[in-house]
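> Protein sequences appear in the order of chains F and U. Residue numbering for the first sequence follows the UniProt record's numbering, beginning at 1 and increasing consecutively. Residue numbering for the second sequence follows the UniProt record's numbering, beginning at 1 and increasing consecutively.
Quick caveat, the hints were computed from the structure, so don't treat them as lab data. Glycine included, each C-beta is placed from N, C-alpha and C at the ideal position. Misleading hints may appear alongside valid ones.
Claimed, not checked - No farther apart than 27 Å at their CA atoms in a straight line, the calculated lysine-lysine pairs in the DSSO-like style are these:
1) Lys63/F / Lys52/F
2) Lys358/F / Lys223/U
3) Lys236/U / Lys123/F
4) Lys120/U / Lys225/F
5) Lys328/U / Lys52/F
6) Lys52/F / Lys120/U
7) Lys328/F / Lys48/U
8) Lys371/U / Lys321/U
9) Lys28/U / Lys264/U
Stated by the list, open to error - Restraint-style ranges between C-beta atoms, simulated for each label pair:
10) Asn290/U / Ser21/F: 52 to 58 Å
11) Gly35/F / Lys48/U: 53 to 59 Å
12) Lys48/U / Leu133/F: 58 to 64 Å
13) Gly35/F / Ile360/U: 37 to 43 Å
14) Thr222/F / Gln55/U: 32 to 38 Å
15) Val353/U / Pro68/F: 50 to 56 Å
16) Gly35/F / Asn281/U: 26 to 32 Å
17) Thr113/U / Gln55/F: 55 to 61 Å
18) Val353/U / Glu361/F: 32 to 38 Å
19) Gln55/U / Ile360/F: 32 to 38 Å
20) Glu320/F / Ser219/U: 39 to 45 Å
2 protein chains.
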Amino acid sequence: MSHQEFRAINFGAGPGCIPDSVLLEAQKELLNFQGCGKSIMEVSHRGKEFEKVIQETKSNLIKVLSIPDDYDILFLQGGASSLFSGIPMNLCESPNDVVDFIVTGAWSKGASTDGKYFCKVNKVADMEPEKFLTVTDPSQWKFSPDSTYIHYCDNETVHGVEMPPSTPDHFPEGRIVVCDMSSNFLSKPVNVSKYDLIFAGAQKNAGISGITIVIIKKSLLTKTKPSVPSVFNFLKKSQNNSLDNTPPTFNIYITGLVLKWIIKEGGLEEMERRSIEKSSNLYKFIDGSNGFYRCGIDAKYRSRMNVVFRIQDGNEQLEEKFVKEASKHNITDIKGHRSVGGLRVSLYNAITVDQTKKLIEFMTSFMNENKQ
Amino acid sequence: MSHQEFRAINFGAGPGCIPDSVLLEAQKELLNFQGCGKSIMEVSHRGKEFEKVIQETKSNLIKVLSIPDDYDILFLQGGASSLFSGIPMNLCESPNDVVDFIVTGAWSKGASTDGKYFCKVNKVADMEPEKFLTVTDPSQWKFSPDSTYIHYCDNETVHGVEMPPSTPDHFPEGRIVVCDMSSNFLSKPVNVSKYDLIFAGAQKNAGISGITIVIIKKSLLTKTKPSVPSVFNFLKKSQNNSLDNTPPTFNIYITGLVLKWIIKEGGLEEMERRSIEKSSNLYKFIDGSNGFYRCGIDAKYRSRMNVVFRIQDGNEQLEEKFVKEASKHNITDIKGHRSVGGLRVSLYNAITVDQTKKLIEFMTSFMNENKQ
Chain F
1 MSHQEFRAIN FGAGPGCIPD SVLLEAQKEL LNFQGCGKSI MEVSHRGKEF
51 EKVIQETKSN LIKVLSIPDD YDILFLQGGA SSLFSGIPMN LCESPNDVVD
101 FIVTGAWSKG ASTDGKYFCK VNKVADMEPE KFLTVTDPSQ WKFSPDSTYI
151 HYCDNETVHG VEMPPSTPDH FPEGRIVVCD MSSNFLSKPV NVSKYDLIFA
201 GAQKNAGISG ITIVIIKKSL LTKTKPSVPS VFNFLKKSQN NSLDNTPPTF
251 NIYITGLVLK WIIKEGGLEE MERRSIEKSS NLYKFIDGSN GFYRCGIDAK
301 YRSRMNVVFR IQDGNEQLEE KFVKEASKHN ITDIKGHRSV GGLRVSLYNA
351 ITVDQTKKLI EFMTSFMNEN KQ
Chain U
1 MSHQEFRAIN FGAGPGCIPD SVLLEAQKEL LNFQGCGKSI MEVSHRGKEF
51 EKVIQETKSN LIKVLSIPDD YDILFLQGGA SSLFSGIPMN LCESPNDVVD
101 FIVTGAWSKG ASTDGKYFCK VNKVADMEPE KFLTVTDPSQ WKFSPDSTYI
151 HYCDNETVHG VEMPPSTPDH FPEGRIVVCD MSSNFLSKPV NVSKYDLIFA
201 GAQKNAGISG ITIVIIKKSL LTKTKPSVPS VFNFLKKSQN NSLDNTPPTF
251 NIYITGLVLK WIIKEGGLEE MERRSIEKSS NLYKFIDGSN GFYRCGIDAK
301 YRSRMNVVFR IQDGNEQLEE KFVKEASKHN ITDIKGHRSV GGLRVSLYNA
351 ITVDQTKKLI EFMTSFMNEN KQ
């Protein structure tokens with residue numbers, strides 16, 4: 001049996017699917033990493049085998065994202081949301097510092113909620129009253145005159161909202177820009193120099209859970225006080241190449257394999273091309289379904305990564321049947337987040353254009369069989 | 001080629017060796033976890049597959065350690081040393097709270113150093129002036145009259161010092177007892193009820209790096225304030241079964257496989273029996289080598305896990321030759337920690353009695369060829 005036959009078409013929102021070739025490579029050398037007689041899980045984080053892994057992973061990340069020299073890369077633990085406390089702890093001088101949050105969905109809301117213990121929260125925009133279906137025009141955003149930094153989430157995994165690349169252009173000049181790119185990281189080229197701090201949990205497009213990647217402007221590192229806990233002490237992590245304590249070695253290794261796969265496939269330009277093809281095909285089909293399927297998100301802000309939609313404007317019985325029927329076609333993990341219900345299809349890098357076509361074929365036949 | 005032939009005899013201090021059978025099991029199902037068509041790395045942390053993994057892992061941990069009902073188990077990220085900040089942040093009401101530290105090596109020293117930002121540090125005993133070669137008699141320990149808790153490290157990985165199980169019996173009655181068991185966790189039965197909080201990084205005897213296990217008395221959870229960052233907010237982790245954010249799913253899975261292996265091999269009694277056999281054989285050989293090899297640690301406190309020794313009282317040239325020659329016998333990772341030099345052999349659960357015998361055979365022939 002080839003691996004393709006038994007593998008699910010996994011549209012999960014994360015931990016998400018991983019390219020077969022990455023898993024096959026990890027499987028092949030799981031007991032004997034590059035001939036060293038040990039698993040990559042068993043090597044010392046300070047030994048020559050892991051040293052090579054972490055350096056290659058860093059340099060490949062620099063390569064695919066064209067990260068300028070004045071930025072450092074940190075590998076942290078705790079998940080991206082742990083940085084909702086960690087970032088203000090590093091960047092704010094006191095809890096009286098004001099931080100601007102653009103609240104466009106569950107994750108930027110979470111950042112503003114956790115942040116309140118370490119800074120004064122100013123909501124530049126709060127889309128919750130609009131059920132996170134759209135984003136107010138940047139001309140309406142209400143920045144604080146003296147915020148320590150601006151925080152926003154580039155892609156809201158739960159609500160299916162993605163911000164345009166031009167977003168930071170609307171910020172007051174000279175402000176520190178912090179961006180949570182967890183769920184669209186490595187899905188497109190990014191102009192890193194528009195940001196001072198980019199962070200992302202790996203378990204969407206960049207590997208598996210248990211590792212958080214931080215890209216930080218080196219000049220920001222001077223802000224970290226020695227009292228910031230080591231788990232997210234940016235200065236300490238930078239000074240020690242993220243090895244001040246034992247990092248999640250296997251998790252970094254998988255990110256390294258994913259980066260090699262991205263390079264081999266054509267880099268972030270190709271990832272973006274595919275993500276546009278996959279998501280446009282799906283949105284186009286949904287919009288053309290005469291309301292059988294409906295995506296409520298403002299077209300300008302629809303996510304290429306997480307497509308949220310309802311059947312017959314929220315027919316839960318039919319949605320349940322949809323999930324069940326889909327599984328017979330090996331299509332899995334398409335339930336919406338428990339906080340919003342409905343359906344959600346995540347189109348991360350490891351999902352192919354063909355797999356998305358198979359989904360649309362299934363959605364077509366399901367519609368034909370179930371529409372009144 | 002069978003896996004035994006190419007596998008190194010890996011005496012590394014951590015990330016350490018993992019039983020072959022655990023690696024083979026992980027390898028076998030790496031692309032298709034229990035027939036679900038997905039890797040365990042790709043399943044949702046809230047889905048039925050992972051739900052089963054985390055529950056089994058918890059209940060097997062309860063089983064092997066006979067953990068009483070009034071304790072909870074938390075799976076955290078960040079490494080054990082992240083809790084050097086996290087524990088006082090959870091347990092202390094204010095930075096004026098006094099915490100008693102017994103400083104017996106690098107890790108308890110680290111805990112007292114990081115702790116100073118969150119509590120007043122009282123060193124009950126500080127063995128650094130004695131180069132951490134021994135521990136003063138408990139009758140000499142100077143506890144604070146009103147410490148919020150007592151912190152000690154059961155096994156010092158760098159310095160090779162292990163505390164006797166009777167240690168907490170010497171503490172003032174009613175005091176909260178916190179124990180760092182990172183490097184001897186799951187190497188012997190433990191009377192959990194002597195402790196209020198046990199914590200351990202998994203990468204020694206309990207799995208791979210990227211996961212930290214906390215066993216906490218439930219009554220302690222009321223101390224956690226909402227401002228404690230989620231990454232080590234014990235109350236939040238407990239209330240959410242460690243799933244308030246995406247946990248390191250693969251890392252928890254490996255701990256689960258290791259626990260099943262421990263149970264199959266005969267539980268912690270058998271792990272202890274083996275560790276005593278392995279370490280006594282090695283210490284006996286070292287002590288009988290007429291000073292060619294020498295372990296400077298007070299015999300009462302010698303670690304079963306990490307055997308530190310020198311050749312000819314610190315002949316670095318010969319020690320280097322020893323490491324090189326050992327590698328020709330497939331014996332690896334025996335250099336001492338960079339802060340102390342010399343040699344260190346770690347005898348974690350996955351190291352067999354036979355592998356230790358092979359090491360002693362090599363040490364014998366090396367001695368015979370190199371003694372004057």
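> Could you grab the alpha-carbon distance between Lys120/U and Lys225/F and see if it respects the 27 Å cut-off?
holds (19 Å)
> For Lys328/U and Lys52/F, compute the direct alpha-carbon distance and say whether it is at most 27 Å.
Holds, because 22 Å separates the two Cα atoms, which is no more than 27 Å.
> Hint check: Lys236/U vs Lys123/F, CA-CA at most 27 Å. Holds or violated?
holds (25 Å)
> Given the hint that Lys328/F pairs with Lys48/U, test it: the Cα-Cα distance must not exceed 27 Å.
Status holds; Cα separation ~17 Å.
> Next pair to validate is Lys63/F with Lys52/F; report whether the Cα-Cα distance is within 27 Å.
holds (16 Å)
> Just to be sure I understand the hint, the distance between the Cβ atoms of Lys48/U and Leu133/F should be within 58 to 64 Å; is that true here?
violated (31 Å)
> Can you let me know if the beta-carbon spacing of Gln55/U and Ile360/F is within 32 to 38 Å?
For Ile360/F against Gln55/U, whose Cβ atoms are near 37 Å apart, the range 32 to 38 Å holds.
> Go ahead and decide if the range 55 to 61 Å is satisfied by the Cβ distance of Thr113/U to Gln55/F.
violated (29 Å)
> Using the C-beta atoms of Thr222/F and Gln55/U, is the stated range 32 to 38 Å upheld?
For Thr222/F and Gln55/U the Cβ distance comes to about 45 Å; the hint is violated.
> Please test the hint of 52 to 58 Å on the beta carbon pair from Asn290/U and Ser21/F.
56 Å Cβ-Cβ, so the 52 to 58 Å window holds.
> Hey, Lys358/F versus Lys223/U, does the alpha-carbon distance stay inside 27 Å?
Since the Cα atoms of Lys358/F and Lys223/U sit roughly 52 Å apart, the hinted pair is violated (cutoff 27 Å).
> Just to be careful, I want the Cα atoms of Lys28/U and Lys264/U compared with a cutoff of 27 Å; is the pair within it?
This hinted pair holds, its Cα atoms lying about 19 Å apart.
Figure legend: structure checked against the earlier numbered hints; hints not met, in rising order: 2, 6, 11, 12, 13, 14, 17 and 18.
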